[in-house]
Amino acid sequence: MSLGCAHSLNATGVAGDPASPVHRLDPRAKIAGFAGITVVGVSTPPRLWPVLVACALALAAIAATARVGPGLVWARARVVLPLVVFVAVFLPFVRGGEQVELGPLSLSEEGLSTFASVASKAAIGTVSAVLLGATTSFPDVLHGLERMRAPRLLVLIAAFMYRYLFVIADEARRMRVALAARGYRPRHALQAAAIGRVAISLFLRTYDRAERVYVAMLARGYAGSTPRLNALVFGRADVLFLVVVAGALLPLRVLAGVSS
Amino acid sequence: MSCVIEARGLRFRYPNGVAGLDGVDLRVGHGERVAVLGPNGAGKTTLMLHLNGLLAGEGELAVAGLDVRRDDARELRARVGLVFQDPDDQLFMPTVREDVAFGPLNLGASPEAAAARVVEALGTVRMGHVADRAPHQLSLGQRRRVAIATVLAMDPRLLVLDEPSASLDPRARRELLEMLARIDRTMLVVTHDLPFAAELCERAVVLSAGRIVADGRCTDILRDEALLAAHDLELPAGFDPSLLARQKVAAAA
Numbered sequence: 166m167s168l169g170c171a172h173s174l175n176a177t178g179v180a181g182d183p184a185s186p187v188h189r190l191d192p193r194a195k196i197a198g199f200a201g202i203t204v205v206g207v208s209t210p211p212r213l214w215p216v217l218v219a220c221a222l223a224l225a226a227i228a229a230t231a232r233v234g235p236g237l238v239w240a241r242a243r244v245v246l247p248l249v250v251f252v253a254v255f256l257p258f259v260r261g262g263e264q265v266e267l268g269p270l271s272l273s274e275e276g277l278s279t280f281a282s283v284a285s286k287a288a289i290g291t292v293s294a295v296l297l298g299a300t301t302s303f304p305d306v307l308h309g310l311e312r313m314r315a316p317r318l319l320v321l322i323a324a325f326m327y328r329y330l331f332v333i334a335d336e337a338r339r340m341r342v343a344l345a346a347r348g349y350r351p352r353h354a355l356q357a358a359a360i361g362r363v364a365i366s367l368f369l370r371t372y373d374r375a376e377r378v379y380v381a382m383l384a385r386g387y388a389g390s391t392p393r394l395n396a397l398v399f400g401r402a403d404v405l406f407l408v409v410v411a412g413a414l415l416p417l418r419v420l421a422g423v424s425s
Numbered sequence: 099m100s101c102v103i104e105a106r107g108l109r110f111r112y113p114n115g116v117a118g119l120d121g122v123d124l125r126v127g128h129g130e131r132v133a134v135l136g137p138n139g140a141g142k143t144t145l146m147l148h149l150n151g152l153l154a155g156e157g158e159l160a161v162a163g164l165d166v167r168r169d170d171a172r173e174l175r176a177r178v179g180l181v182f183q184d185p186d187d188q189l190f191m192p193t194v195r196e197d198v199a200f201g202p203l204n205l206g207a208s209p210e211a212a213a214a215r216v217v218e219a220l221g222t223v224r225m226g227h228v229a230d231r232a233p234h235q236l237s238l239g240q241r242r243r244v245a246i247a248t249v250l251a252m253d254p255r256l257l258v259l260d261e262p263s264a265s266l267d268p269r270a271r272r273e274l275l276e277m278l279a280r281i282d283r284t285m286l287v288v289t290h291d292l293p294f295a296a297e298l299c300e301r302a303v304v305l306s307a308g309r310i311v312a313d314g315r316c317t318d319i320l321r322d323e324a325l326l327a328a329h330d331l332e333l334p335a336g337f338d339p340s341l342l343a344r345q346k347v348a349a350a351a
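Chains as they are written, first to last, in the numbering used here: chain E, 166 to 425; chain X, 99 to 351.
These aren't lab readings, by the way, just hints derived from the structure by calculation.
The C-beta atom is built at its ideal place from N, Cα and C for all residues, glycine as well.
Among the clues, some could well be false.
Stated by the list, open to error - If the Cβ cut is set under 10 Å, some of the chain X residues that face chain E in the computed set are: (1) R168; (2) D169; (3) D184; (4) E196; (5) F200; (6) G201.
Here chain E stands alone, though its shape is the one from the complex:
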């Protein structure tokens, strides 16, 4: 497909070995585990870098167990990561303090360490999210969040977003094709107005659809809550996973913090 939106939507869903121990964990265990790794990683100051290395190792071990390859992790992480890193990449140039000469460039040492810290934290957070997405289907993540008492309305909104993102992306693609078919090739900013009209039209269509979906929900007896078909089972493997992740990272984080 030639359109970017279709590409990034295809790079979603469960990957790796669906029968792996990680894939079979309860979604709640995975949400808590990956959130834990992210919190430990983000809360660690740069001078305690061994904790960051431990987080990275934990993620690598989980990825290896789930048979999610580095290529796939990179393919998905690069949707988010460059944006974050882009902001941080200027830090070494604008910060003051000790300067390091690197060929024709003069870089701030403090800026460099901040950049390394921001980039590694962003990577830990992003890879955690990627691994959660690669080992847990989106409906399971939502189910887990619901059971973890996330606000029902937010979970419902996320569920609809997931369901209709593909429908709306498809409508947008058809409209872009229709524009191109009538010779639309914007050469300067003023001609971009057509894109704005496409956006308005998409919004109106989506609004109409929302009304129709609501009617269809009422027609099948919807009365404010969405009951679930199967219950989640939090088993021994899930407890073990959380104990291992928390048992390895939390003491390390606390000890490193105390000893410095």
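Start from chain E and add chain X according to the hints.
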């Protein structure tokens, strides 16, 4: 004969003043398959939404033994299954299985009972193999069949289908027709697709400007060229309803 639908003098006006229904009288008996034919804007969808209590106009309307205005809406929605034209409106849950289970669970079925109904309903539309897929991964024909399963899982007495054959390729259309013909239930099929109506339904009513202007055997109505022309209905070129009527008689014999 007891009726599944009994409408007398049903009138409905939209808030913008447009008359949706202008005195509809309709009786549909148990086990009948009735096609509702009519041009765009004739009130077909408005009528359909009345049957489930989603719109309420003036006049009398009893559906599946319940008075639409007085009795419990939840019970009514359990007895009347609406299948909407765009399956993307009907399939709103993240997976097919959850979507088919949505109705039974809302009606108070236990998760085990709902799971059994999902298997049965998907089996009826021959879509059991897609239960764990997301709706956006299915073709339009598949989505339409799953949409029918979402309603069958509620075990309705009356099945109402809005333009079931719209935008289907010939093969998906034929498969849908064969599948619907096997479902033994009272059915109201709202459609523009006159050959589809003729093959599926014995009886047809023509709805025009909010009123029922003709009611009779489907093949008879389709042979009435003056009637069709007066209400902007048109058979596809080369389609001969007389031939279909003879085929049906031969098949029955």
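Here is what the structure says about each hint:
1. Annotation: interface hint on X:R168 violated; nearest CB of chain E at approximately 18 Å, more than 10 Å.
2. Checking X:D169 against chain E: minimum C-beta separation of about 14 Å lies over 10 Å; hint violated.
3. Nearest Cβ of chain E to the Cβ of X:D184: about 7 Å, under the 10 Å cut. The hint holds.
4. Hint on X:E196 holds. Least Cβ distance to chain E is approximately 6 Å, under the 10 Å limit.
5. Interface restraint check for X:F200: the shortest CB-CB distance to chain E comes to about 6 Å, inside 10 Å, so the restraint holds.
6. Of the supplied interface hints, the one on X:G201 holds, with its beta-carbon coming within about 4 Å of a beta-carbon of chain E, less than 10 Å.
When the structure is compared with the earlier hints, violations turn up for hints 1, 2 and for no others.
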